[in-house]
Amino acid sequence: MRAEVSRFRTLQPLAFRRLTGVVADVWHVAGEQGGGGFYVSPDPRLVVFLDAEPPQLQVKTDQARLERPRALFIPAGVPLWSRLDRPATLSHIDFHLERGALGQRLSQLSTASHDTHLIAERSQLLTLARMAAAEVEAPSRTDLMLDGLLTALLGDVLGPKADAQGGDLPKGGLTASHRAALIEFLHLHLGQPITVAQMAQAVGLSESWFARAFKTSFDETPLRYVAQMRLQAARDLMTDPSMHLADIAYATGFADQAHLSRMFRARFGQPPSQWRRRMR
1 MRAEVSRFRT LQPLAFRRLT GVVADVWHVA GEQGGGGFYV SPDPRLVVFL
51 DAEPPQLQVK TDQARLERPR ALFIPAGVPL WSRLDRPATL SHIDFHLERG
101 ALGQRLSQLS TASHDTHLIA ERSQLLTLAR MAAAEVEAPS RTDLMLDGLL
151 TALLGDVLGP KADAQGGDLP KGGLTASHRA ALIEFLHLHL GQPITVAQMA
201 QAVGLSESWF ARAFKTSFDE TPLRYVAQMR LQAARDLMTD PSMHLADIAY
251 ATGFADQAHL SRMFRARFGQ PPSQWRRRMR
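Numbered according to this note's numbering, the sequence shown spans residues 1 to 280.
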């Protein structure tokens, strides 16, 4: 990425986290009046500002311009200019996406666009972005959490919107706010039995409506998705050699160690004990 920045200084060390096909980083900076920069990247990127109010910042591309942005989606190769109207401190999370990784996520959004998007205030973006930034700066959950938040952010910025009067859901299925609420619920309750009714209640939809929207969004049933989350969480915990399989099974919602072992072997083609030996 080419970046020419003037009259800005960092306030904290850069925090970053890698996902498959994505690098997320969180910046905290202070800028003088008139400070700004020029940026162009070979990869698409999503930027969301984390402060309570959008910054006193002007951003523009060759085709669009916005003052006080909440979020930016900049396609690969598109130049971006920015300028501060007054001295300010600001924080933002940036997602640098490989094109293949972006394409996989956009395939879930029926009307997603690859154009530049400069987004003004939108309350759910701040909520999602702050949750994502917390996972970058102080990881406490598996990559699935951050990955889901990224997909929700892209869905909100690029995807179709729900009807303002509460009508049909977008063709892409669950909205960004639904996804964020669902991901938070699942990670908080992954060690417990989870039903479709509970998931629907967590996002404020009827069970039948939720099940249809979920299938549209993820191309699988809610319970199969939860099962995959449990397996991924269990595999992450298995990298800690001090944890016993029985404890891992309990923490991730499996009935017992034997249940975890059967599901793990069916999914990954080898028993947990063999996988752990290979990871040492």
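Quick caveat, the hints were computed from the structure, so don't treat them as lab data. Incorrect hints may appear among the rest.
Unchecked claim - Label pairs and their calculated CB-CB ranges:
hint : residue 1 : residue 2 : range
1    : Gly-191   : Arg-262   : 13 to 23 Å
2    : Glu-32    : Gln-201   : 20 to 30 Å
3    : Arg-86    : Ala-3     : 42 to 52 Å
4    : Val-40    : Ser-206   : 22 to 32 Å
5    : Trp-275   : Ala-64    : 43 to 53 Å
6    : Met-243   : Arg-267   : 40 to 50 Å
Glycine included, each C-beta is placed from N, C-alpha and C at the ideal position.
Evaluated hints:
1. Gly-191 x Arg-262: 13 to 23 Å: holds (18 Å)
2. Glu-32 x Gln-201: 20 to 30 Å: Hint violated: Cβ distance 49 Å, outside 20 to 30 Å.
3. Arg-86 x Ala-3: 42 to 52 Å: violated (22 Å)
4. Val-40 x Ser-206: 22 to 32 Å: For Ser-206 against Val-40, whose Cβ atoms are near 46 Å apart, the range 22 to 32 Å is violated.
5. Trp-275 x Ala-64: 43 to 53 Å: holds (48 Å)
6. Met-243 x Arg-267: 40 to 50 Å: violated (19 Å)
The earlier numbered hints that this structure contradicts are 2, 3, 4 and 6.
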